[in-house]
Amino acid sequence: SAVISQKPSRDICQRGTSLTIQCQVDSQVTMMFWYRQQPGQSLTLIATANQGSEATYESGFVIDKFPISRPNLTFSTLTVSNMSPEDSSIYLCSVADPANTGELFFGEGSRLTVL
Amino acid sequence: AQSVTQLGSHVSVSEGALVLLRCNYSSSVPPYLFWYVQYPNQGLQLLLKYTSAATLVKGINGFEAEFKKSETSFHLTKPSAHMSDAAEYFCAVSRPGGGFKTIFGAGTRLFVKA
Numbered sequence: 072s073a074v075i076s077q078k079p080s081r082d083i084c085q086r087g088t089s090l091t092i093q094c095q096v097d098s099q100v101t102m103m104f105w106y107r108q109q110p111g112q113s114l115t116l117i118a119t120a121n122q123g124s125e126a127t128y129e130s131g132f133v134i135d136k137f138p139i140s141r142p143n144l145t146f147s148t149l150t151v152s153n154m155s156p157e158d159s160s161i162y163l164c165s166v167a168d169p170a171n172t173g174e175l176f177f178g179e180g181s182r183l184t185v186l
Numbered sequence: 008a009q010s011v012t013q014l015g016s017h018v019s020v021s022e023g024a025l026v027l028l029r030c031n032y033s034s035s036v037p038p039y040l041f042w043y044v045q046y047p048n049q050g051l052q053l054l055l056k057y058t059s060a061a062t063l064v065k066g067i068n069g070f071e072a073e074f075k076k077s078e079t080s081f082h083l084t085k086p087s088a089h090m091s092d093a094a095e096y097f098c099a100v101s102r103p104g105g106g107f108k109t110i111f112g113a114g115t116r117l118f119v120k121a
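Protein sequences, first through last, are from chains Y and F. Residue 112 in the working numbering sits at position 41 of the first sequence; the count goes up by one each step and never skips. Residue 34 in the working numbering sits at position 27 of the second sequence; the count goes up by one each step and never skips.
The set of hints was computed from the structure by calculation and includes no laboratory data. None of the values given here were measured: they were computed from a predicted structure. Be careful, since some hints might not be right.
[What the hints assert, rightly or not] Within a straight-line C-alpha distance of at most 30 Å, the following computed DSS-like cross-link-like pairs (lysine-lysine) qualify:
1. K136(Y) with K78(Y)
2. K78(Y) with K108(F)
3. K75(F) with K108(F)
4. K136(Y) with K108(F)
5. K65(F) with K120(F)
6. K76(F) with K65(F)
Next up, chain Y with everything else stripped away, as it sits in the complex (with noise of 0.2 Å):
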């Protein structure tokens, strides 16, 4: 298993600024992976975080939106940029099982409100 903490639980932004998210993990992963929750809805993956190289971005996300950076196997972050009230959301980070069962581990997301 793995044990997922993100920084900070909530924040509120307000409109044109951007916001940093953390995520750490208690151990080395090779699979980590960035979804979006809006409200009342179900996860989208926004991309996929690779270590030492550019993430890989789902359809409709783009890196200058959402940069990402993953330095080193237990550390990733998300940057939402130039934020609109349409990025109100929970920002999730997950990590796949490192026993290559195809389960997630998931933190406990970043809420973020933005005004």
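Starting from the known structure of chain Y, fit chain F onto it as the hints suggest.
Then chain F, alone, in the frame of chain Y:
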């Protein structure tokens, strides 16, 4: 491409009654299937998973699910609901060897009445 459809965004049952949450999937290859639960203000945690072994899968908290290839279904059941089961439940699918990219259903919120 893979997809998941959860039938019913809200399900309400009485305490002690059967819980049935429906999930149908679409996948061009034999999939891995999962049920996750999300309690308020928390991340998701795994209830159970199917990864091509036994078709009847038992999970935590008394939940189980049956993989039916002919029906492309993976419905979640629990014989007797408890108040603590009230949460959001997500069915999910991933492709073996697909980099663990996981697609989630829209979710079903379970309400348990006393």
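Evaluated hints:
1. K136(Y) with K78(Y): 19 Å, holds
2. K78(Y) with K108(F): Judged against 30 Å, a Cα distance of about 23 Å means the pair holds.
3. K75(F) with K108(F): Distance of about 22 Å is within 30 Å: holds.
4. K136(Y) with K108(F): 21 Å, holds
5. K65(F) with K120(F): Measuring from Cα to Cα gives roughly 24 Å; hence the hint holds.
6. K76(F) with K65(F): Satisfied, since the Cα-Cα distance of roughly 17 Å is no more than 30 Å.
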